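All chains, full assembly: derive it from the sequences and hints.
Sequence order for the protein chains is A, B and C. Just so we're aligned, residue 1 is where the first sequence starts under our numbering, counting upward by one. Just so we're aligned, residue 1 is where the second sequence starts under our numbering, counting upward by one. Just so we're aligned, residue 1 is where the third sequence starts under our numbering, counting upward by one.
In case anyone wonders, no lab produced these hints; they're calculated from the structure. Note that this is a predicted model, so its numbers are computed, not measured. Built from N, CA and C at the ideal position, the CB exists for glycine as well. Each hint should be verified, as a subset may be incorrect.
What the hints assert, rightly or not - Some chain A residues flagged as far from chain C (calculated, every beta-carbon gap over 12 Å):
| id | residue |
| --- | --- |
| 1 | Arg66 |
| 2 | Phe77 |
| 3 | Asp115 |
| 4 | His234 |
What the hints assert, rightly or not - Below, computed lysine to any residue pairings styled on SDA-like, alpha-carbon distance capped at 20 Å:
| id | chain 1 | residue 1 | chain 2 | residue 2 |
| --- | --- | --- | --- | --- |
| 5 | B | Lys262 | C | Tyr257 |
| 6 | C | Lys92 | C | Asn296 |
| 7 | C | Lys125 | A | Leu42 |
| 8 | A | Lys124 | C | Leu99 |
| 9 | C | Lys21 | A | Leu182 |
| 10 | A | Lys114 | C | Leu54 |
| 11 | A | Lys174 | C | Lys312 |
| 12 | C | Lys76 | B | Lys393 |
| 13 | C | Lys308 | A | Leu125 |
| 14 | B | Lys393 | C | Gly69 |
| 15 | C | Lys21 | A | Ile121 |
| 16 | C | Lys125 | A | Thr281 |
| 17 | A | Lys174 | C | Leu31 |
| 18 | A | Lys174 | C | Gly69 |
| 19 | C | Lys27 | A | Leu122 |
| 20 | A | Lys124 | C | Met26 |
| 21 | A | Lys124 | C | Val121 |
| 22 | A | Lys114 | C | Asn296 |
| 23 | A | Lys293 | C | Val121 |
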Amino acid sequence: MQSMIRTQKPANKIRQSWDNRLFDALANTFLILLTIITIYPLWFILVASFTDYKLINAGTLLLYPRGFQTAGYELVFEDWRVWTGYANTLFYTIAGTFFGAMVTILAGYAFSRKDLPGSGILMKLFIFTMYFGGGLIPTYIMINKLGLLDTRLLMILQGSISVHNIIVVRSFMKTNIPDELLDAATIDGCGNGTFFVSIVMPLSKAILAVMVLYIAVSHWNSYFNALIYLTDMHKYPLQVFLREILLKTVQNADVVENMEEVLEMQQMAATIRYSMIVVSTAPILCAYPFVQKYFVKGVMIGSVKG
Amino acid sequence: MRKQILAAALAVGMAVTALAGCGNGNTAQTSETTAAPATEAATTAAPTTSAAEENGSEAQTEAAEETDGLPADYFAGTELNIYAKLGNEVDTDYNKKLIFQMAEEATGIHVNWTVLSADAWSEQVNLLLASGNLPDAFVSDVGESAIRDNMELFYDLSEEGLLETYVPNLLETIPDVYPNGLDALRWPDGSIRSLPTGRPETDYQELKWLPMINKRWLERVNMDMPTTADELYEVLCAFRDQDANGNGDPNDEIPFGFAEQKGNVDIEQSMNYFGIANTRDGIIGHYKMIKDGVVTPTANTPEMRAWLEYMHKLMAEGLLDPEGFSQTGDEWTAKVSQDLYGVTYMFSPVHQGLNFDDWEFLWVQGLEGVEPVLDGIKYYDTTHKTEFAISAKSENVPALLHWYNWLASSRELKMIGFLGDPGVLWDEYEGEIYLNDDWKKDPKYEGETASTLTGSLGKNCVLLSVKDYAYDDRNTHIVDGVPTVLEFDPTDSTQGRVKLVKEYLPLAQDEYILPKFEDPDVVGQRKFIETDLTPMISNFVATSIMEGVTDESWDTFLKNLETYGYYDWIEWYQNSYDGNF
Amino acid sequence: MVKEKVKSGGPSAGAAARRAKTWRLMKRNWLLYVFLLPAALYIAIFHYGPMYGLQIAFRDYKAVNGIWGSKWVGLKWIKTFMDTPRFWMIFKNTLGISLYSLVSFPFPIILAVFLNNVRNVRRKKFVQTVTYMPHFISTVVLVGMLSMFLSPRNGIVNLLVGLFGGSSDTYFMGQADYFPHIYVWSGIWQGMGWGSIIYVAALAGVDQELHDAAQVDGANKLQRIWHIDLPSILPTIIIMLILRLGHIMGVGYEKVYLMQNSLNITSSEVISTYVYKMGLQDQRFSYSAAIGLFNNVINFIVLIVANKTADKVSGSSLW
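Structure, rendered in structure tokens:
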């Protein structure tokens, strides 16, 4: 694939006409501007995580850490629970993504087929749940009845499957897997299983990559379910602990004796806030390039033809 | 070929997820079964308790003669399930805390603690209430509204003789804490659904954050302490025009700073100078005050308008921080720490890296003939009245009460619960209890602060009164093993604060609504008015400060007060004050 | 299945044959039902299982009485909501911000199309990664940065405006008029890269041969985007648009709540913040459930209309 792009490049360059060059100029300006306005705030967060909290919010332009300190990171990492949290989050994310992506792709594909009686009604039933639900209390009662309260299994299951994602997969497959392919395969005596595995899956790498990313990120960032359905702290994911550390600095005004300490901690919260973002997003950012390579142009068509 | 491999991988993958799912289910189940015996044990222990309950009536008669009624180990063998909210500690095993170890040893009652994240505590409590999976008791703020809306789910402790029999220690403390005694805990139907914990404040917490002026700045601009609003205006002008902070830049001074987003640094407190003091009852204490037993509206008064006009003048002339309404608490902190504010509200300057020598309480009269009054009251309830609540389904009510009472059976025990192990944060010296400073030198506690130590060592489950600790002035601490009177240190926040409060408490509004619980429907009525009313008023206040007040805008505002139910709201509080609910 | 019959709209004579055909299809595609099974089970258990809780909106829910036993109050809560003095302001704000937020819809598409044109793989990945990162910034920090960057004192935005000759002390956060702009554009900034991922993936599926052929025919880049890229990803765009429209009343509470202050409250009070203030802090389950339902009924109606329209105009639809 890489080679294809490379061989095309010089050829294109020679043929560049003024309108294409104008277009490129516009597109590049847009992208460069966008990169700048995005990168500064990101840089700011990184710098702020190493800066004395009193200087972060002073309003002056921060280009490099001032009053260099690592107190935010120390506060986050000296808590053993952060490591437990990392391990739990990693587990929930990997298992949940595996499960969620699988179910989503399978369901999305089934829904994309026009020759499946009943799928229309089922789709409507699915969509209905995007808008109407019983709310927290009956859900909690249900989960309690299923014996899933305070289990890791629930953390993997909950939030892995979203109707939104199934719809996206469905529409993607509808456009990218032409009916003719199925017809041809059927004539060749190819069953649904074989067709799915040997034609649909290779054609759907990009959407699979997107789903993996969507589900992984939502698992990585989720905390609410853990807060509500877990009671054993050893099962808590990272986000809950981070919120706990942040909250710890705000609550406990009830131990009046230590009002001063509370206030100091509140100020510390300012620093933690930035290091928290760095700590909690760095791993998931590292995962992005692995997913990204499936977005490279031509991958799918190439594999079909090949 | 690759496709087949992919297919195989997928199939395996699916099988693995299925298996992993099962595996997890199993482990989850086993962990639940390990939890189960505990509850079973609790139910098997129940006969003992119900026996005790039968004995209860006998015990009552006995209790009349003996103060403590029952022997400590009367309920030995009982297991209690208690939920608590995670405090500052990292370790969630509360049975490692000294106070609970002692309690178990003395009473023979074992507590199975479930400690939940503070983040979701109130949701969790509500879900537990909704699903009926209730523990024997909650020992952490259940919250007034949770009890109010689910009254029947909590055991009614007002039963004849129950408290007298099982918690005599609490009853002894209550009159010292609540001016209206046991009524502070009573609901309008006469029931008592929870017991209090914590302690009252007498000298430290009554006042809100206080208006402070930067003395160094005053010296630099060479002016006296202002005593009237006009003088204050002159001073602020001087702050603006001169290099009051002495950093060489005459333009970076912000004469008067506030931050609406940081509730305590609210500009509305400056109404005080114009004779308007807000009450202090719950979250929203603004726009009303109590004068001679009458809850009086303040938002519609000429004083209010005068205050708005004055504030607008300050804003228009660049004397008020223009960002005050939107800046975050962090931004405010940064400005104070960098010496950009001449006047602002503070709990104590020490938190901003400043000290008490540089800051002075600022008190000016806004209108001639109108005495300024300080926000905050001479009685402020800092106890937690809904912190110990027993489930109506619990079969261990007497045992719970007995356990709670035991925790309060001596001053030492109360202190251990409150501040943790003796000899760390507190200590006893010749029968008196003092705060101990020696732990700061102990390498064992390096990196700890008083609050992390309290969090990890103590868990206050009882009510303390002022009588329980003798360090009321907070100036006598144990240093090197001996009680020592500390010298005033301007960088010590507690000392400075105590001094300030003692000095200025007489300026504070002194009427208040008694601490009590109110009927759910009645509170609902108020809540519905409030959710619309207060944003409307505060929007008017903010807009007026930015843009000024005209006769027209003022008239519209007065009309709005009526449509938004301001007077009903005032009446509501009057009824509450009169005890009509 | 009933639906299938209606759709094909056959006369009664063909009904038996059609039933036989349906049966044949079902038998042949049995595996596809197995594919659907896990998702259907999940939806059934986690969504339809607790669905009975919807009635909380019409009852005065008290935990002690349970959902079925709480007092039935009908539309009381919705009526109460509509009677609040600020109802129309809140409703107008919510709708206004939502409609304005639709401005954000094309940005991820534009970004994806432009990215698709970047030939240098490394540069492309760099831009993609950078633009996707803001998605991970927590709302508290985002709002904190907004307040700082927009400060009238020394905020970078005011400095830049001043540099270009504008007034450099605009109080952005303190004026009700600016609120929707700040809310929407910061949202675009935060969500553009993340939103573009799906389109980047869709563009990866565009047949390269079409481009090559068009190039031979002398089509320039813009023409190729217009005639090849966009039509190829149109179904994805339409589905995303329908889904987006189905959240027309969904202005989330957290960011608005954090950006709110007394000065901008007249344009920043939206349904979700109102519900938060009224309900969550005081556990008024029924009241907040009723308002949530009110929102979602509107959302659902919009979704149905949008879906129908899309079906007619483009042939792509959710069902």
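Quick rundown of the hints versus the structure:
1. For A/Arg66, the shortest C-beta to C-beta distance to chain C comes to about 15 Å, beyond the 12 Å cut-off, and the non-interface label holds.
2. Listed as a non-interface residue, A/Phe77 keeps its Cβ farther than 12 Å from every Cβ of chain C; the least gap is roughly 19 Å.
3. For A/Asp115, the requirement that its beta carbon stay farther than 12 Å from each beta carbon of chain C is not met, with the minimum near 5 Å.
4. The beta carbon of A/His234 sits about 24 Å from the closest Cβ of chain C, which is more than 12 Å, so the claim that it is off the interface holds.
5. As the CA atoms of B/Lys262 and C/Tyr257 are separated by approximately 14 Å, the hinted pair is consistent with the 20 Å bound.
6. A hinted pair counts as satisfied when its Cα atoms are at most 20 Å apart, and C/Lys92 with C/Asn296 qualifies at roughly 16 Å.
7. For a cut-off of 20 Å, the pair hint linking C/Lys125 to A/Leu42 stands: about 17 Å separates their Cα positions.
8. Simply put, A/Lys124 and C/Leu99 have alpha-carbon atoms about 25 Å apart, too far for the 20 Å limit, and the pair is violated.
9. Restraint check: the Cα-Cα separation between C/Lys21 and A/Leu182 comes to about 18 Å, which is no more than 20 Å; the hinted pair holds.
10. Pair hint A/Lys114 plus C/Leu54 does not hold up; C-alpha atoms about 33 Å apart against a cutoff of 20 Å.
11. This hinted pair checks out: A/Lys174 and C/Lys312 have alpha carbons roughly 17 Å apart, not beyond 20 Å.
12. The straight-line distance between the Cα atoms of C/Lys76 and B/Lys393 is roughly 32 Å, outside the 20 Å bound, and the hint therefore fails.
13. Restraint check for C/Lys308 and A/Leu125: the C-alpha separation of about 17 Å stays at or below 20 Å, so the hint holds.
14. Pair hint B/Lys393 plus C/Gly69 holds up; C-alpha atoms about 19 Å apart against a cutoff of 20 Å.
15. Between the alpha carbons of C/Lys21 and A/Ile121 the distance comes to roughly 18 Å, so the proposed pair stays at or under 20 Å and holds.
16. Among the hinted pairs, C/Lys125 with A/Thr281 is consistent with the structure: their alpha-carbon atoms are about 18 Å apart, no more than 20 Å.
17. Restraint check for A/Lys174 and C/Leu31: the C-alpha separation of about 18 Å stays at or below 20 Å, so the hint holds.
18. The straight-line distance between the Cα atoms of A/Lys174 and C/Gly69 is roughly 47 Å, outside the 20 Å bound, and the hint therefore fails.
19. Between C/Lys27 and A/Leu122 the alpha-carbon distance is near 18 Å, which keeps this suggested pair within the 20 Å criterion.
20. Between A/Lys124 and C/Met26 the CA atoms are separated by roughly 19 Å; this keeps the pair inside 20 Å, and the hint holds.
21. Between the alpha carbons of A/Lys124 and C/Val121 the distance comes to roughly 41 Å, so the proposed pair goes past 20 Å and is violated.
22. The suggested pairing of A/Lys114 with C/Asn296 is violated, with an alpha-carbon distance near 29 Å, which exceeds 20 Å.
23. Distance restraint check for A/Lys293 and C/Val121: the Cα-Cα separation of roughly 10 Å lies within the 20 Å cut-off, and the hinted pair is therefore satisfied.
Violation of the numbered hints given earlier is confined to hints 3, 8, 10, 12, 18, 21, 22; the remaining hints are satisfied by the structure.
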